[in-house]
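Place chains H and Y on chain S using the hints.
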Amino acid sequence: MDFLSYFLMDFVKQLQSPTLGFLIGGMVIAALGSQLQIPESIVKIIVFMLLTKIGLTGGIAIRNSNLTEMILPAAFSVAVGILIVFIARYTLAKLPKVKTVDAIATGGLFGAVSGSTMAASLTLLEEQKMSYEAWAAALYPFMDIPALVAAIVVANIYLNRKKRRTADEYLSKQESFSKQPVAAGDYPDRQDYPGNRQEYRKQKDSADNRVKIWPIVQESLQGPALSAMLLGIALGILTRPESVYESFYDPLFRGLLSVLMLVMGMEAWSRIGELRKVAQWYVVYSLVAPFVHGLIAFGLGLIAHYATGFSLGGVVILAVIAASSSDISGPPTLRAGIPSANPSAYIGASTAIGTPVAIGLCIPFFLGLAQAIGGG
Amino acid sequence: MDFLSYFLMDFVKQLQSPTLGFLIGGMVIAALGSQLQIPESIVKIIVFMLLTKIGLTGGIAIRNSNLTEMILPAAFSVAVGILIVFIARYTLAKLPKVKTVDAIATGGLFGAVSGSTMAASLTLLEEQKMSYEAWAAALYPFMDIPALVAAIVVANIYLNRKKRRTADEYLSKQESFSKQPVAAGDYPDRQDYPGNRQEYRKQKDSADNRVKIWPIVQESLQGPALSAMLLGIALGILTRPESVYESFYDPLFRGLLSVLMLVMGMEAWSRIGELRKVAQWYVVYSLVAPFVHGLIAFGLGLIAHYATGFSLGGVVILAVIAASSSDISGPPTLRAGIPSANPSAYIGASTAIGTPVAIGLCIPFFLGLAQAIGGG
Amino acid sequence: MDFLSYFLMDFVKQLQSPTLGFLIGGMVIAALGSQLQIPESIVKIIVFMLLTKIGLTGGIAIRNSNLTEMILPAAFSVAVGILIVFIARYTLAKLPKVKTVDAIATGGLFGAVSGSTMAASLTLLEEQKMSYEAWAAALYPFMDIPALVAAIVVANIYLNRKKRRTADEYLSKQESFSKQPVAAGDYPDRQDYPGNRQEYRKQKDSADNRVKIWPIVQESLQGPALSAMLLGIALGILTRPESVYESFYDPLFRGLLSVLMLVMGMEAWSRIGELRKVAQWYVVYSLVAPFVHGLIAFGLGLIAHYATGFSLGGVVILAVIAASSSDISGPPTLRAGIPSANPSAYIGASTAIGTPVAIGLCIPFFLGLAQAIGGG
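Chains as they are written, first to last, in full-length UniProt numbering: chain S, 1 to 376; chain H, 1 to 376; chain Y, 1 to 376.
Because the hints were derived from the structure by calculation, they are not lab data.
You may find that some hints are simply not true.
Since the list can't tell identical chains apart, any single copy or any two copies may satisfy a pair.
Listed below are the simulated SDA-like cross-link pairs for lysine to any residue, each with C-alpha atoms no more than 20 Å apart in a straight line [what the hints assert, rightly or not]:
hint: 1; residue 1: Lys13; residue 2: Ala234
hint: 2; residue 1: Lys13; residue 2: Asn64
hint: 3; residue 1: Lys129; residue 2: Leu221
hint: 4; residue 1: Lys94; residue 2: Leu32
hint: 5; residue 1: Lys99; residue 2: Ser340
hint: 6; residue 1: Lys13; residue 2: Ser243
hint: 7; residue 1: Lys212; residue 2: Gly33
hint: 8; residue 1: Lys44; residue 2: Lys94
hint: 9; residue 1: Lys44; residue 2: Glu267
hint: 10; residue 1: Lys44; residue 2: Gly33
hint: 11; residue 1: Lys13; residue 2: Glu242
hint: 12; residue 1: Lys44; residue 2: Leu252
For reference, chain S alone in the conformation it holds in the complex (with noise of 0.2 Å):
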């Protein structure tokens, strides 16, 4: 009872946040026919600022964190992090009717960690004066980042795969039959309509029976959106960007994301009717996914408890973060890597239930799992 007390004040409260209600607000106006329009030049630059701030603040937490002493339980967060984005591949995206570009982006942004519902968990923990190590909080971008760039490199790997089968069906077509136009439908996204026989051809001939994987992550790494967050990793280790990232990337963050989640409303707005078939297998998914995710990586972090010492309330944060999804750092990730995605239906899933259910019933849930094995 009173864990649904909880999950309900969340979920009204997360409806009331900023980043919600910007992206609200977004499809409000959008269904009244306004015609206020964000320029394509400010949300690229928007975009740039975003992923370069969440880049940085990984890397700046990445070299102030002591690896020697955390290398498992990092170790173990990156791979929850690829793992969800997996889970998600082979169970949201097999259910009938969902797009498989939308249940990647859904497990990229459960992957992904939200920083409140982390700050929630280490609020508790004190209360109940379980003790955990300093450095487990800088465990986050261990699992948020690898969480984003598998969904982005997976993503890109299976849309690649449907152009080819597309391309060789096209092909096979056009040999037996006199031309035919392929519908731009066809297509998950508007750049990959096929501007000529030619280039299909040359994918087909490039690759022969199955999508070479790496050129696909090369590309992917080299796009917009990783290639910003990679710089603002590269340059948070190895340089000390701590007097921008104080004055400007960091400051600014929360207002750029509100005009992004208003952009990606007014997006959302036009696509929404896409979820009428599917949303309960998002509800289905956001309710279930947090207590898997959540579930194994305390198995993990269990087993780091025993193997090295690692804390049980550093297991308990490890557990929280993989069960949490991510709010505010992947919304502009997956907006930018995976343009096709729909984003009423990762976010919705994540924000509207994903995060209430993380912070009403999971922390409760992991930590009274911790108490338990601890004998607390």
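Relative to the frame of chain S, chains H and Y by itself:
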């Protein structure tokens, strides 16, 4: 004598304020042939941010105010804000050679409220130990926003009527004579230039003898200016945007406004010639209007004083916000909402004369009036 | 030995500074084939904001300084700032294969002042209990701005002469032979590529035997870079822009600069090959120039010392600001003012070598010199 020195000091201070400084700076560099340009996409996002901030400020103020207690003064504020626009529409706009849209925009600016003028009156009330309701300062969005919305709607109604009239004449000419080109100069706005006869006939068919008001109101509210402002109000009332408001929209406001004022200065330079034959009317209006508007509000305030016990200090505040004219929220709103109005007219009138008159002359006048009535 | 370790520590610190970090980051991601792009409209507004801020800083400093007291050192600062540009024009630019515009831009950067180098010297003077005038730090805009303006004007004069010469040759060729295409590579700047013969003849007609200087000076001042800077200076001197300066232009400066440095790094990458054959000259210049510039200023400072009692501490400050080279105000100004100059040349020379030399070697050198003269 003391009044005059107040007035002159404030006049000089206004000229040195960043708002007017950047406006004049823009005019000077345009006059000197500078090739400086602020890209259009930047101007758009600046307008969006300024109007969202204005809306958020109003929305948060309304959420935090006790509406039941302040219902009568708030209703009077709305009425005065709208009335001021109509006063300008039927006095200033009727003066010889004054352009109607410029007059309506000027009325909108004089109906809108200057936060700094209001702050000056609060300081003075405290010095004079004249008590007022804590929520009296929260009256300002109730006058500010209705005045700006009314100005945009009234201007659009005027422009539509004018366009329809021109279209009628155009069609009747077309029917009697052969094709004759229509000069772009006849149209208040470049966008209004008739694309083809069909559209004109459509306009003529859809509206028979009079322009339909509601479609224009709806269109005004859907425009980029008002939809950003209304979005801000809605988010301010319904969500908790304080975190982004305090870290982003509010601190960046004055700086972004300075860039927009520079742009408006450069734009104004090319149109300052239009003012040569009408400047005297704007001077007369700017000297008289603050007193007229203030007296109307003072009268309504007295009604509230005798009917519901609204304090005399509150009456002074109501009169001062009616007397004040906006130099902050107004210019970006009107530039986006009534693009064909000449900013050198409305900003010049409001900032260079209206504000010094309101601060230097109206505040002491209404304070003295209230003290005389209160027998203080 | 102590000097060398100072120098090396500062060299490493410079490489880690956000300015150089983002520059190198931009080069690296360009080298790795990143598709990251900063939209042109964003670059324009960043340049505008940076140059307005540089101008405002200078203007406010000038307004707050007592000009009568500091007239001689201020005049010497202006002279040294301009002289440094001409030194580069007639030494560095004459070295084999060094491009003239690159040399002029480098001179501009070495004439401009580094605020952090100056701050380091103030700290050291206080540690050494060597007294100096409170207004001595306000000398910096008097050297910084003239140097940058001089560099842009001198570069434009050079480019105009070169263009005219090419036009002359082109026309004489045209008269003797048939039409021959002129390669774009011959022109210092893409915009200079001749559109048609008419324009060339016009240029030839308007300027007879020598390029007229004043139209070029005027054109330079009307360009986006200098008109934004001069606007800032004028607003800083004549109005009270402190509120927007402190809330907007100043706090955003370093962050916006980091974005611009990233852009310049990406641009520089494609031109770094140009430096292969001339890098050694830039190294020699960057090692020698700070001492030469500092000694000239030191000499002029001593004149002021004996003539008007300018303190020896002040003489050290004058020498240090002459020895320092700008890594903050210079790059954005020169990128906008001399777009054809290669940023890898001038920023590399200034930031990677000039600044460490100035901080690590010149400050102790000039301090020791002053102490020897003062007999301290």
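Now the hints, each set against the structure:
1. Within a single copy, Lys13 and Ala234 get their C-alpha atoms only as close as 35 Å, which misses the 20 Å cut-off; across copies the closest is 16 Å, which meets it.
2. In this homomeric assembly, Lys13 and Asn64 come within 20 Å of each other (Cα to Cα) only across copies, at 17 Å, whereas the closest approach inside a single copy is 33 Å.
3. Taking the closest pair of Cα atoms, Lys129 and Leu221 never come within 20 Å of each other, the shortest separation being 42 Å inside a single copy and 54 Å across copies.
4. In the homo-oligomer, the alpha carbons of Lys94 and Leu32 never lie at most 20 Å apart, since the shortest distance is 35 Å inside one protomer and 36 Å across protomers.
5. In the homo-oligomer, the alpha carbons of Lys99 and Ser340 lie at most 20 Å apart inside one protomer (10 Å), although the nearest pairing across protomers, at 47 Å, exceeds that limit.
6. Taking CA atoms no more than 20 Å apart as the test, Lys13 paired with Ser243 passes between copies only; the shortest distance there is 13 Å, against 33 Å inside one copy.
7. In this assembly of identical chains, Lys212 and Gly33 lie within 20 Å of each other by CA distance solely across copies; the values are 19 Å between and 44 Å within a copy.
8. In this homomeric assembly, Lys44 and Lys94 never come within 20 Å of each other (Cα to Cα): the closest approach is 33 Å inside a single copy and 43 Å across copies.
9. With identical chains, the CA atoms of Lys44 and Glu267 are at most 20 Å apart both within one copy (15 Å) and between copies (18 Å).
10. Taking CA atoms no more than 20 Å apart as the test, Lys44 paired with Gly33 passes between copies only; the shortest distance there is 18 Å, against 24 Å inside one copy.
11. With identical chains, the CA atoms of Lys13 and Glu242 are at most 20 Å apart between copies only, with a shortest distance of 13 Å across copies and 32 Å within one.
12. Proximity of Lys44 and Leu252 under a CA criterion of 20 Å is satisfied in both settings, with 15 Å inside one chain copy and 19 Å between copies.
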